[in-house]
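Position one of the sequence shown corresponds to residue 1 (the UniProt record's numbering), numbered consecutively onward.
Please keep in mind that the hints were generated in silico from the structure rather than gathered at the bench. Some clues are possibly wrong.
[Stated by the list, open to error] Pairs of lysine-lysine, DSS-like flavour, derived with a Cα cap of 25 Å:
no.	residue 1	residue 2
1	K767	K161
2	K768	K139
3	K23	K66
4	K767	K750
5	K782	K332
6	K221	K390
7	K161	K771
8	K715	K168
9	K634	K390
10	K403	K230
11	K824	K782
12	K854	K784
13	K784	K839
14	K884	K772
15	K506	K161
16	K784	K824
17	K514	K408
18	K363	K230
19	K403	K634
20	K280	K854
21	K33	K23
22	K450	K350
23	K332	K854
24	K768	K750
25	K590	K514
26	K66	K159
27	K514	K750
28	K948	K938
29	K469	K453
30	K159	K514
31	K350	K514
32	K340	K329
33	K782	K839
34	K701	K767
35	K620	K396
36	K340	K506
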Amino acid sequence: MSPKPRNKITIAHINAQSLLGCKEEIELLVREKELDVLCISETWLCNDFPDDYIYIPEYKVYRCDKGRGGGVCIYIRDVFTVVPLEIDIVRAQGVEDVWVTVQSSKFPSVIIGCLYRHPKARCESYDYITDVIRYVSLKDKPFYILGDFNDNVLCDNSKMKQIIFNTKLTQVISKPTRITPTSATLIDLIVTNKTQSILHTDTMPCPVGDHELISVTVNLKKTKRPPVVKTFRDLTSYSSETICDLLSQETQTLNNIFITDNVDTQVNIFTSIFNNCLNKCAPLVTREVRRPFAPWMNEHLRALMHERDSAQINLKNDRSNVNLQSTYKELKKEVKMSIKKSKSEYYSNKLESNRGNSAATWKILNQVISKDICKATLEIDKDEETLRKKVESFNKFFANVGKITFEKTHQNSEHNQNVPVPNNNNTSGPSCSMLRPQPTDSNTIILIIKHLKNTSSCGSDNISLRFIKESLPIIIPYLTCIINSSIATGNFPESWKHALVVPIFKTGDAMEPKNYRPISLLPIMSKVLEKVIAAQLTSHLESNHLLSDTQHGFRPKLSTESALLTLSNSLFDTIDRRNISLVTLCDLSKAFDSVNHEILLRKLRMLRVDSFWFQSYLLKRTQSVKIGKHISNKLEVAYGVPQGSVLGPILFSIFVNDLSQHIPDCQVIQYADDTQLIHTGEVANIQDLVHKGEVALSQAKAYFHMNGLLLNTTKTQCMFVGSRGLISQIPPDTCLQVDHTNILPSSSLKNLGVYFDSHMTFSTHIKKINKKIFSTILNINKSKDCFNRRTRTTLMNTLVLSIINYGIKIWGTANITHTQQVQKLQNFAAKVALGNGAKFDHATPFLRECGWLKVHQKYKYELGIIMYNITHGNIPTYLFPMPKVSEVCSVPTRQQHNMYEPKTNTCTGARSLLAAGPRFWNSLPPHIRNAPSIRTYKKLLHTYLFNKQFSV
1 MSPKPRNKIT IAHINAQSLL GCKEEIELLV REKELDVLCI SETWLCNDFP DDYIYIPEYK
61 VYRCDKGRGG GVCIYIRDVF TVVPLEIDIV RAQGVEDVWV TVQSSKFPSV IIGCLYRHPK
121 ARCESYDYIT DVIRYVSLKD KPFYILGDFN DNVLCDNSKM KQIIFNTKLT QVISKPTRIT
181 PTSATLIDLI VTNKTQSILH TDTMPCPVGD HELISVTVNL KKTKRPPVVK TFRDLTSYSS
241 ETICDLLSQE TQTLNNIFIT DNVDTQVNIF TSIFNNCLNK CAPLVTREVR RPFAPWMNEH
301 LRALMHERDS AQINLKNDRS NVNLQSTYKE LKKEVKMSIK KSKSEYYSNK LESNRGNSAA
361 TWKILNQVIS KDICKATLEI DKDEETLRKK VESFNKFFAN VGKITFEKTH QNSEHNQNVP
421 VPNNNNTSGP SCSMLRPQPT DSNTIILIIK HLKNTSSCGS DNISLRFIKE SLPIIIPYLT
481 CIINSSIATG NFPESWKHAL VVPIFKTGDA MEPKNYRPIS LLPIMSKVLE KVIAAQLTSH
541 LESNHLLSDT QHGFRPKLST ESALLTLSNS LFDTIDRRNI SLVTLCDLSK AFDSVNHEIL
601 LRKLRMLRVD SFWFQSYLLK RTQSVKIGKH ISNKLEVAYG VPQGSVLGPI LFSIFVNDLS
661 QHIPDCQVIQ YADDTQLIHT GEVANIQDLV HKGEVALSQA KAYFHMNGLL LNTTKTQCMF
721 VGSRGLISQI PPDTCLQVDH TNILPSSSLK NLGVYFDSHM TFSTHIKKIN KKIFSTILNI
781 NKSKDCFNRR TRTTLMNTLV LSIINYGIKI WGTANITHTQ QVQKLQNFAA KVALGNGAKF
841 DHATPFLREC GWLKVHQKYK YELGIIMYNI THGNIPTYLF PMPKVSEVCS VPTRQQHNMY
901 EPKTNTCTGA RSLLAAGPRF WNSLPPHIRN APSIRTYKKL LHTYLFNKQF SV
């Protein structure tokens, strides 16, 4: 058979159930189907079987044997160049796999893997599959994994389905592959990271075994990146002086803003004049944007490469010339070094200009490692009519999702009239005056604008923040007038209520709107006005103690970590008292989108906030969806707090402020729409504890439904927390039951980014962050030649240490056997950052040069900052009450000014903030504790811990 041009490759998989028993049928199969690669599961071969027994002419074979009931192999046509790929991971029991890199001529190579997972394999097999996928992903090549996974991905609870989702891969077989008289399951899979190259997939009956044959045909040619059409401003003629000069020439027209008190007219005048001036010096242009092949290329490098190529041609004409050989060798070396230098300078400068911006840093790193991060987008149809319908359907879905959710829960309008009034003890009585937003001044607006985070995105007015900032000297009087007119008249500008929604793909079917996350873009100036109001609203709520103590979201001095610390303290105390706790995490569906405006306005008035301005702000808001250059018609958004807004999160906190009053016999912790319910009791009374949990969850559901919020009981989770001995005494069939839905206890829960487990070991969380940062360090190490030492350190700080540092106040209390795993990766990160560390070199010099605290010292540093804030009143005292010794003991002692250290019964209890915090604070030298400011304190504490960790 004469070989065909190999610009494509057909890969198939079968389950043979003994390769030796059907070798002839398999040989006929590869000939008949003209297969280039055949992956076989259940070969049932032993190691002592030679390849000659299973030889197929014109094919090479690669095996992983297991004997009866297992084993895999790959047959590959011998016209391909094949290199076996060694996987540097210990294989889990119950899994066999073999991997190869395949290349045809000059086309890019692909990785092919054949994997078999035994039906009775343990859960560890899924961990191995996940690790292997991540390992292969780091090779930066297209890969195709074929095999019998013995996991039906047609089921919602399929673990393989979850793995494919988590690793952002695609499974391309849709029909059942094992069909019996009583079942039809999809257990033979083809998983890939490169669907763009797939030409065809197929599922067909197979004479070998009782599984279907699955196949995929792949285009080996490198797919061209489609041109991206972008509309942007041409800044060739732009400067801050130019825009200011143009605006100065329009002052006569702009002064009309001072004449009228109609805020919509004022905004229209400002927007029209500003855009006209901007279009003169920075016109909007639409062009095809193609990513440059080598953005770091420069003229010097091109000249040097041309010189090298000329020397190579001369050498070919006179191969024996020693001088030409030496010249070419030197030029080749010089080009290589110059490329490294040029790439390093280019990417280092880009990272420096985006310092502190983790999203931009990730984007640059992905460019360096050539990672294909193209987001799935809608398939743009050439038919304009069809495209318009798609854009309109997306807009309709996003605009109505809140209304649909609200209507599922809010059965009749009578609920609106019976919203419970918050406890009067929280409203400061008659002394709490009604808040009505007040006008502001130019200096306040200038400060707000200058502190806004720079971004190139803009709303429907096409004005980005950069142009606002650079023209402030001219436009600030007009902006102040517009903002104060809105506050005085109680009218929020109509054009500022319009959101431009950009759908960002998550996962799943790219044609389904539900698989997209809507990102709402609002005019910049609407956010400035919102910040003026937000400052006044927050001051009113906090100074009059109107918000519930259970709410940690979007409040001064509080954060996700204050909520996590409150929970961890409660759970540590439970274990210390030899009790158990039941933790329930409530999951709300589309919470921010389904807020009823009438109920929200009523709750604002209950908190002594005049709805005069807020009613205009909330009502008659509109949105359009933008996909590429196409924008849908406007639709009204009748429900929800405005997405992408400043006030939205604060208003949602007000909306659920009275939740805790409806669940009286329960500890409630809230962070915006994340709600945790905690009950504590003795293990002997486990049924009573479960009953309390069910009652509280039913009360929470009734509250949410009364307010039009939908509690998703299928995603609500619970967990028992206690010592290993007590948890083992809980009957295995124990669960919560709400509305005929069983909520089974989990061994670990993810809460606000931190994984809690039943024994408070934080081992699950540490495993998760280890996996995340390990791949990041490998990517930086792989591309370390593109960055200088300073830039590599910046990368590590931004992408690695930020992950380690988040929540370290909570998980940093873990046993040293767990934290040491993170420490090893931090050591690795330090060596990569400095670029000259070998595997077995001691990490101490590298950590010292980077200026990093070790993991345990970093925990102490964060603990020390909390204690400083607590002792100086920067954290509400009701969260973490910590008296001094003098407040507990009446007899004067030398330690009377120290913090009181409570006694604990267990080592676990000693890890709580209330116990570990005072202990650490009292151990600090007085000159650190008495620091005059938090900034000075942080500097002194860091120096103290840094020196201590390296002292012998």
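Flag every earlier hint the structure violates by its number, smallest first. 6, 10, 14, 20, 23, 31, 34 and 36
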